[in-house]
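Q: Residue-level listing of the chains:
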Amino acid sequence: MIQYAFYILSALSVASALMTVFTRKPVYSVLYLIFFFFTLFGHYILLNAQFLAAVHLIVYAGAIMVLFLFIIMMLNLNKEIEPNKSVVAKFAAVISGGLLMIVVISAMKGVDNIALNHRSDIGLVETLGNVLYNKYMLPFEMVSVLFLTAIVGAVMLGKKEIK
Amino acid sequence: MNTIVILSVTGIAAMMSDVFKLKKALFGLSLLGLLIALVFSVYDWGQYASYFNQMVLTDNYAVVFTTMLIGMTFLWFLMSKDFFSSHSSASEHYALILFSLTGGVMMTNFSDLTILFLGLEILSISLYILAGSDKGNLFSNEASLKYFMIGSFATGFLLFGIALIYGATSSFNLQEISTYVQQHNGSLPAYFYAGILMILTGLTFKVSAVPFHFWAPDVYDGSPTLVTTYMLSVVKMAAFAALYRLFINCFAPVYEFWIPVFAIMSAVTMLLGNITAVYQKSLKRMLAYSSIAHAGYMLMALASPGIASKNALVFYLLAYAIATLGVFNVLYQVHKVTGREEIKSVKGLFRKNPFAAIMLTLCMLSMAGIPPVAGFFGKYYMFVSTLNGGLTWLVLIAVLSSLIGVYFYFKVIIAAFQEPELENTAYYRQPSDFTVLYICGILSLLLGIMPQFVAGLL
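Same order as they appear, the protein sequences are chains A and B. Using this note's numbering, the first residue of the first sequence is number 1, and each one after it goes up by one. Using this note's numbering, the first residue of the second sequence is number 1, and each one after it goes up by one.
Because the hints were derived from the structure by calculation, they are not lab data. Fair warning: this is a prediction, and the values are worked out from it, not measured in the lab. Please note that a few of the clues may not be correct.
Stated by the list, open to error - Subject to a maximum C-alpha distance of 20 Å in a straight line, what follows is the list of computed SDA-like cross-link-like pairs (lysine to any residue):
#1 Lys135(A) with Gly136(B)
#2 Lys310(B) with Asn249(B)
#3 Lys281(B) with Ala150(A)
#4 Lys160(A) with Val19(B)
#5 Lys146(B) with Ala150(A)
#6 Lys159(A) with Leu145(B)
#7 Lys135(A) with Ser171(B)
#8 Lys135(A) with Lys24(B)
#9 Lys24(B) with Glu161(A)
#10 Lys160(A) with Gly136(B)
#11 Lys146(B) with Lys135(A)
#12 Lys81(B) with Ala150(A)
#13 Lys135(B) with Lys135(A)
#14 Lys159(A) with Ile12(B)
#15 Lys23(B) with Val155(A)
#16 Lys159(A) with Phe52(B)
#17 Lys160(A) with Asn137(B)
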């Protein structure tokens, strides 16, 4: 059952990733990318990594991609204005892409021999919370100061100077 | 640890003060917070305590640097009342300065790489914003953007380095990493050394050592003068404290690997900083280049690790920060009155205010390293510890570049004693404008006469 789910999800991921690259209109590209992130969300769930899945959905699909979409809409890029690349550029792109693929394949070779010895509940929110509130208590609290700094700074730079 | 809490709370209180209409009391409140933090910091002396699962370790090294950081910030506050009064967003300025100090204190107290990273980020992000706090000024905007871009790039290096170190030793904790390195010395993977180099790159970016100094002159020159003062005195201190603490505590067993890197970097930094400073007409830009040169001298401490160089680093940083605060006090007042920052706009200072001119001379002598003042002993201790480390060539280069330095520091002193060139050289509107200069000049002199008070602290 899980195996079938994995295959279906993988097929969808590959297809949507390819469509992100191949489609001509930027808005469609972004929409396919969002779809791709949703399939990744499914993959995380299959790996029993709830927290990562949720964060992935909120941060990438939710915040960043919506930002992308807005910017593309604001710049009014939804026209086919992409200039035709020269033959040399296409050739170079194919070669470098192929090289990357060779690197990835050779890196993946033999990976299935490595025994996975991590705990299966490592991706659960509960585990994370335990680590965060015990061992990493101080960093967790200090991050709030970091965020406060960023917020204060954004307010300060954005505020209109009262004369 | 207590200081971190107090400073963050003071920062948050400053941030919230707009809501409670406490803007008037803010200056006193911040000074009070700093004083309390200072007391708690000194109180920690001699106590070797670690907090929160070894995230923070308050040893004497941390206490010395924390005290110096808070003390320098206190002095900085005294000379920067204007910085807060002339803006509509005063409480934000207070909050950012206090938060950045919190980050600096974290960088001197850390015992875990996550805390180092967080401290560095808190410090840097507040400074990116403060560098651009003069919103209408194009140079300030440029400084902010440049600092942000290059600073984030450097942070990326640091983070990747930390990840590689974690991969090799499976720990973020300084003690655990150091034990692991000792036990597996000789059989460490190549990516462990790559990690060291990446951390080194990330942190030397922050201390503006050559070849990672390109941002420094523009950022120091473009930022509001008071923010530059803060960067040169407090931030440099925090960055060096973190760099030294990390390499001495963590990577000491493999010192053969990183000592040559620091030695070469140090030599190039001081030569390049001093030589380029000679050609500057603007006093602020000259001080920016001279700060690069001083970073070179401070890196000598890392080229000869040991107790002697640790003490030398403390003394050098203290002497440099004090002299910087004093000189920048003059620069700020000159800029406020004449609107110019050239060396020649200091002319006539002796005629108008002889005591200030003498104090400026003391601070400048301290920067140049001339005997009766603190800077000389900073250089002296540093050179002695480097000589004992066996790096004679580095000391030779350091002496040579100091000689170059004397030339442009004396240009300022000579200008201060010349006849005024401009009409409006009434540098002081109130006698209190130069308070910090007086304090710094006297402190420089006292440290120069009685260096043993600070020299043997650690």
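Q: Could you tell me which of the numbered hints above are not met by this structure, giving the numbers in increasing order?
A: Violated hints (numbers, rising): 1, 3, 8, 11, 12, 13, 16; every other hint is consistent with the structure.
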